[in-house]
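Heads up: the protein sequence lines correspond to chains A, B, C, D and E, in order. Here the first sequence is numbered in our numbering, starting from 1 and rising by one per residue. Here the second sequence is numbered in our numbering, starting from 1 and rising by one per residue. Here the third sequence is numbered in our numbering, starting from 1 and rising by one per residue. Here the fourth sequence is numbered in our numbering, starting from 1 and rising by one per residue. Here the fifth sequence is numbered in our numbering, starting from 1 and rising by one per residue.
Among the hints, a few may not be true.
The calculated DSSO-like cross-link candidates involving lysine-lysine, where the alpha carbons are at most 30 Å apart (straight line), are [as the list claims (entries may be wrong)]:
#1 B:Lys132 <-> C:Lys132
#2 B:Lys168 <-> C:Lys273
#3 C:Lys251 <-> D:Lys47
#4 B:Lys132 <-> C:Lys273
#5 C:Lys242 <-> C:Lys168
#6 E:Lys47 <-> B:Lys242
#7 B:Lys13 <-> C:Lys242
#8 C:Lys259 <-> C:Lys273
#9 C:Lys259 <-> B:Lys13
Footprint (simulated), chain D over chain B, 3 or more residues, beta carbon under 8 Å [what the hints assert, rightly or not]:
#10 45-57
#11 298-307
#12 334-340
Among chain E residues calculated to face chain C with C-beta under 8 Å, some are [what the hints assert, rightly or not]:
#13 Glu10
#14 Ala40
#15 Gly42
#16 Leu71
#17 Gly124
#18 Leu125
#19 Thr131
#20 Leu132
#21 Ala134
#22 Ser135
#23 Ala141
#24 Val143
Don't read these hints as lab results, they were simulated from the structure. All residues carry an ideal CB built from backbone N, CA and C; glycine is no exception.
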Amino acid sequence: GRAQASEKVTVFAAASLKNALDKVTAVWEKETGHESVTSYAASSALAKQIEAGAPADIFISADMDWMDYLAGKNLIKPDSRKNLLGNRIVLIASRDRSDPVKIEKGFDLVTLLGGGRLAMGSVDSVPAGKYGKAALEFLGVWRFVADRVAGAESVRAALLLVSRGEAPYGIVYQTDAAADKGVTVVGTFPEDSHPAIIYPIALLDESKNADAASLVDFIRSDRAAPFFEMQGFTVLR
Amino acid sequence: MTLNFEANLTLGKFALDVTFTSGRGVTALFGRSGSGKTSIIRVIAGLARPEKGMLVFDGDTLVDTNRGIFVPKHMRRFGYIFQEGRLFPHLTVQQNLNYGRWFNRKPKESDELAKIVELLGIGPLLERRPGKLSGGEKQRVAIGRALLSSPRLLLMDEPLAALDEARKAEVLPYLEVLRDEMKLPIIYVSHSVSEVARLADRVIVIDDGRVAMAGAASEVLSQPLISVAADRREAGTLVEGKVLNYDAKHKLVTVGLKKSSIQIAGTEVAIGKDVRVHILARDVILSTVRPEQLSALNILAGSITAVRGDDAGTVDIHVDCGGTPILARITELSYERLALQQGMPVFAIIKTVALESL
Amino acid sequence: MTLNFEANLTLGKFALDVTFTSGRGVTALFGRSGSGKTSIIRVIAGLARPEKGMLVFDGDTLVDTNRGIFVPKHMRRFGYIFQEGRLFPHLTVQQNLNYGRWFNRKPKESDELAKIVELLGIGPLLERRPGKLSGGEKQRVAIGRALLSSPRLLLMDEPLAALDEARKAEVLPYLEVLRDEMKLPIIYVSHSVSEVARLADRVIVIDDGRVAMAGAASEVLSQPLISVAADRREAGTLVEGKVLNYDAKHKLVTVGLKKSSIQIAGTEVAIGKDVRVHILARDVILSTVRPEQLSALNILAGSITAVRGDDAGTVDIHVDCGGTPILARITELSYERLALQQGMPVFAIIKTVALESL
Amino acid sequence: MSWFSLTNDEWTAVHLSLRIASVAMLASLPLGILVALLLARGRFWGKSLLNGLVHLPLILPPVVTGFMLLLLFGRRGPIGTLLADQFGIILSFRWTGAALACGVMGFPLMVRSIRLSIEAVDRGLEDAAGTLGASPMWVFATVTLPLILPGIIAGMILSFAKAMGEFGATITFVSNIPGETQTLSSAIYSFLQVPGGDAAAFRLTIVSVIISMAALLASEFMAYYVGRRVDVE
Amino acid sequence: MSWFSLTNDEWTAVHLSLRIASVAMLASLPLGILVALLLARGRFWGKSLLNGLVHLPLILPPVVTGFMLLLLFGRRGPIGTLLADQFGIILSFRWTGAALACGVMGFPLMVRSIRLSIEAVDRGLEDAAGTLGASPMWVFATVTLPLILPGIIAGMILSFAKAMGEFGATITFVSNIPGETQTLSSAIYSFLQVPGGDAAAFRLTIVSVIISMAALLASEFMAYYVGRRVDVE
Ligand SMILES: Nc1ncnc2c1ncn2[C@@H]1O[C@H](COP(=O)(O)OP(=O)(O)OP(=O)(O)O)[C@@H](O)[C@H]1O
Ligand SMILES: Nc1ncnc2c1ncn2[C@@H]1O[C@H](COP(=O)(O)OP(=O)(O)OP(=O)(O)O)[C@@H](O)[C@H]1O
Ligand code: MOO
Ligand SMILES: [Mg+2]
Ligand SMILES: [Mg+2]
């Protein structure tokens, strides 16, 4: 029941953080004896749930937009908001075409695709898709490949499209690319080619749980950093 | 008990417009296929709502379209034996039989069940479901189910059509018991004149949605018009009388008519009981002289009141035997040979065993 | 044409073990409710598969469990009139009637349809769906549907039970036409002795899943044992003869028997035609002297061959009238009064119109 | 740890899924029967509207259904507030909310099955029961209900199976809180969102399939048993 | 731009959704009827297995179904390769693939409805047709099929509605390419993923609901028409 759970710290976190964050909270629980639960879902869903009064203490979003959305409605404690993690987007190819690609202004992605599609998160909705589109626009490639994009429901789905050979190339987070043996990272997008990829963290305005702040601190601490870095995130300080 | 029925009902191109009154005992609905018998029964049972009409049972208004009264079917307590069985397929025979008893304030004693099961010969079927019964078995269970629901009125739509003659001969006396001892009024649809003759007190002949004839069974069954619905061969007269004597040795019942008497083979009946005898016209032989040494026991003297020929080579002769009308159907040839005429004295010879037993 | 039937079939506790042969004409299956008649028909139609058995129609093996032969139902071309109608609810009456014709190589001419519609009186119903028919109307459509499917054999399971007598009287002659002119063999289940007497060439009496009696209709219907299945009142003899004469004026047919002749009211029949006459025992009066001035035309001289009493107050007297056996059922009282004995000469009086017409 | 043994959290998810699917199925059953009856037999204004409403969860993307539930039944939603104030019932972010979401998602499937069965019932049998003295309620209980049992069973199994597979509406409405609202389906979804989660997702999928197959087999057996009783011929 | 007018892309999504839902429904119908027949009437080894298989898309989270479709029907999947090599049929990133996904997701719903109807058919009528000379094929076409029409209609509408609401399996299998595989559902989903997208999502939801309601009404009318013909009493 809710009674015990309310003593637990409840974290609402973007689904892509699961691997690292599960380990981090486990360590925190062990060290402090407190308890926590984490609900992983799409940032959009989590933000709307928080808006609807979800009993969460901490929110970690996969992009700035949904955190801004909550901030605009005064649903987070403004001073608790911090940029937690950074990420990079990379160009991946299916195993059979592992030649590195030099990603620069005007690089010939169309030829590389050779009639195939470019798999990435949906460019309107999935954060990785948005960043990918921004990068391609910055590099002047977007208008050539816009109609070749296959927008997936998540980065993971985009990854799968490439690893299954549906699409020859794809744009995903480096965190995701690292774990899949079916794909090769053939290039990394320059950091200045897209808005910074940032996972912000914040305490929620309605949170009354005294342990929540301690967990946020721990997540941002050096103790937690290696778990995130192991997954390929950049820890922002 | 009386049932006043008055209803207008339209079913597609068919229009029912029927008014009748039925009293205690059995009222037979007689009529050709498609004439509207089942429709009438459905209105009585509350399964069809007349557009205009009135139904009163024993002072209890069940339907009155003017006043907007319509008593729903489950409050009427009329047992209905459907033309097509309608057993509950998910219940065993036993559960089907007991179904109506659950809903009755005055449940019949359980030996009532045993008795009806015995009568209908459905003992071995009790555990079975209707899907595994033969046609006649289904019909028998349907009869039992209706009888056991303690109805105030029994609606029977060709209940015996699927039964063999032997079984019919067992069930009919039970219906008579219901009628006479339980005083259960019955509305009975049948195509069989002999069934009707035996059971019915009143007969209503329906033709194309209208009442063609109605009246006491003895009247109606003696009308030639009955042949709209029945076989010509079953025309005859229904005679009422009282049991005068029972000869146990010869198993003969003597029935006293107006001024004469006839003898009928049969089992013991209480002396003084009112009975009815259906004498088929085709079973009556006429003679101009008193016959001798005949095996026929019943020889009634009378005189010819009317002669009516038809175009099938037969002539119907109406004979008045001391106040009791008897109809005889003879061939035209005999009619000519015997030179029969209205007013002539004749002897009507009726074979004893040709009579409907009581 | 012959049908050899031999089947073992178990349905729950019921075991069918029947062997019979039926030839041209009508074979009647007779038996009490639940005796297994429908089960036999189902095996013939291919709706039930016997555990062990053999079915050969005109040399054409339809079922042989030993050799693993089982011709499916749609290849047998046996028309089946079901006990419960089974009309297609989604088709109009007309479409129901035509259904079987679609599947026939040799479709009946369309005036065949008109004729059958006329005969069954279903003309006004053609556009309707079965849900909107009365019970008898459904049954009539089912009869029409089977007749129109150009069957090689007709299986009729109590086809006339729901019909009024007048309609029956119209349909029966048509069945006779099918039997005689179309040479269509028919297997006919009925509880009515008079129907069977009129139609059947062979009668097979089924009792509890077994053949209790089988043989020519005239033989079987004269047996007292037939009363397992039939009303006692319908016992009698089936007599075969040839039409000798037709008196158009009096509409009288003279039928020649072995050494005598009888007269029957009826419509014109071809002279020389073989006919059968069912004489009910209860319609025969015996006299020890030749009666005079009687309206009964048929008075046959004969002698008593056997006397058999029962415990219902009646005595069955078997009389041989010049080689033609006649059964008379009289009361015990008359039996005593007339002092009848075996070997005694008597006169059998049969009312003309009491005879089954042809 | 053997490949197949489940972690504690996973066991919890299994329990929770079973509980949620069963409750969703059972709790929506009475309403499902009622609505099916109304749609099959009723003649009233707004019947098409009711019919449309019932089908909505099928027509809408599950996420939309989830959002609608959140808006209506959430802590701040009109119905949510009402339930909380009047009856102390809180659905949001509780397993009960997950059951509501699953029940709603399975509702059109349940109603359709039951409705089809009701439409196939021979009204003549109900009439017969009426003439034997059974009031409409009793007719329903003793004749209609047993006869539509196959449809009810089909509806229940569809609802149960849907509840096992549902996550779009659930995760949107009540989030994905382990031990509270995390069903097998949402757990599978979470695993699929992270690198290397495929094996775990696959394992849970197998568990989910096994549970549902068992339910399916049980339902088939029940339907067979029911059907055998009513078997014609 | 008035509040309600749709953009070009949105119109495309509407067209595409209609096409995909209709094709999914119609293409799965013959197989649906066949499988329903097998399940209702067949007696064969592996019937439970087939039954389980049919229900899988209901039991599995749609994303998993999408993955499986990708594994099987994708460019490198066994069936996908076969189809591409032998028949030149490519499903990946095509609207046909979306139709496949929707058809698969709606399949259990369609089969259940049809199966329920088949189980309610009076076998006696089929026997009667047989004795009148109709071969099993003809019996099916002229008796069984017309009698199960209500179930078929119900199955079709469920499949259609499901196709309108489906996006989990579709987006996973064939992605979300405007003009090719982006259905109304996936468009709605996309809008919901961005802050401020609610209004647009709501607008498309209304469109989707209107379409589905029209289909629903049409189906009800058809069912009424069919039912009236077969009406008993
Ligand atoms: N599926 C079944 N399971 C068990 N017993 C059955 C089944 N079907 C029929 N029976 C039994 O088999 C016997 C023969 O049935 P059948 O239908 O052949 O009788 P019938 O002679 O046609 O009777 P009726 O004149 O009443 O129609 C009956 O006693 C019946 O109870
Ligand atoms: N739903 C209906 N729509 C149109 N006509 C109907 C409907 N139901 C019955 N009829 C017609 O009404 C008439 C009377 O039907 P009803 O069932 O009362 O006849 P019935 O006297 O019981 O006949 P049967 O002896 O054949 O059972 C018939 O002509 C029938 O065709
Ligand atoms: O309706 Mo879904 O796409 O099975 O959760
Ligand atoms: Mg009737
Ligand atoms: Mg039978």
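| request: Hold the hint about Glu10 of chain E up to the distance rule: shortest CB distance to chain C must be less than 8 Å. | output: violated, 43 Å
| 8 Å C-beta test of the region 298-307 of chain B against chain D, three or more residues | Our answer is that it is violated, as 0 residues pass the Cβ test (under 8 Å) against chain D, missing three.
| Leu71 of chain E as an interface hint toward chain C, with CB separation required under 8 Å | violated, 44 Å
| Can we keep the Ser135 of chain E interface hint, with Cβ of chain C closer than 8 Å? | Holds, because the Cβ-Cβ distance from Ser135 of chain E to chain C comes to roughly 5 Å (cut-off 8 Å).
| task | Sort out whether Lys273 of chain C lies within 30 Å of Lys259 of chain C, counting only the CA atoms. | result | holds, 17 Å
| message | Using the nearest Cβ pair, does Val143 of chain E come within less than 8 Å of chain C? | response | holds, 6 Å
| message | What's the verdict on Lys259 of chain C and Lys13 of chain B, does the C-alpha distance respect the 30 Å limit or exceed it? | response | Answer violated: Lys259 of chain C to Lys13 of chain B is near 57 Å, above 30 Å.
| CA of Lys47 of chain E to CA of Lys242 of chain B, is that 30 Å or under? | violated, 73 Å
| said: Holds or violated: the hint that Ala141 of chain E contacts chain C, with Cβ atoms closer than 8 Å. | reply: Not OK, violated: Ala141 of chain E not within 8 Å of chain C, min 11 Å.
| said: Does Gly124 of chain E hold up as a contact with chain C if the rule is Cβ-Cβ below 8 Å? | reply: With a minimum Cβ separation of about 5 Å from chain C (threshold 8 Å), the hint on Gly124 of chain E holds.
| query | Do the alpha carbons of Lys242 of chain C and Lys168 of chain C lie within 30 Å of each other, as the hint requires? | reply | Distance ~25 Å between Lys242 of chain C and Lys168 of chain C Cα, so the pair holds.
| task | Would you mind confirming whether the straight-line C-alpha gap from Lys251 of chain C to Lys47 of chain D stays at or under 30 Å? | result | violated, 69 Å
The earlier numbered hints that this structure contradicts are 2, 3, 4, 6, 7, 9, 11, 12, 13, 14, 15, 16, 23.
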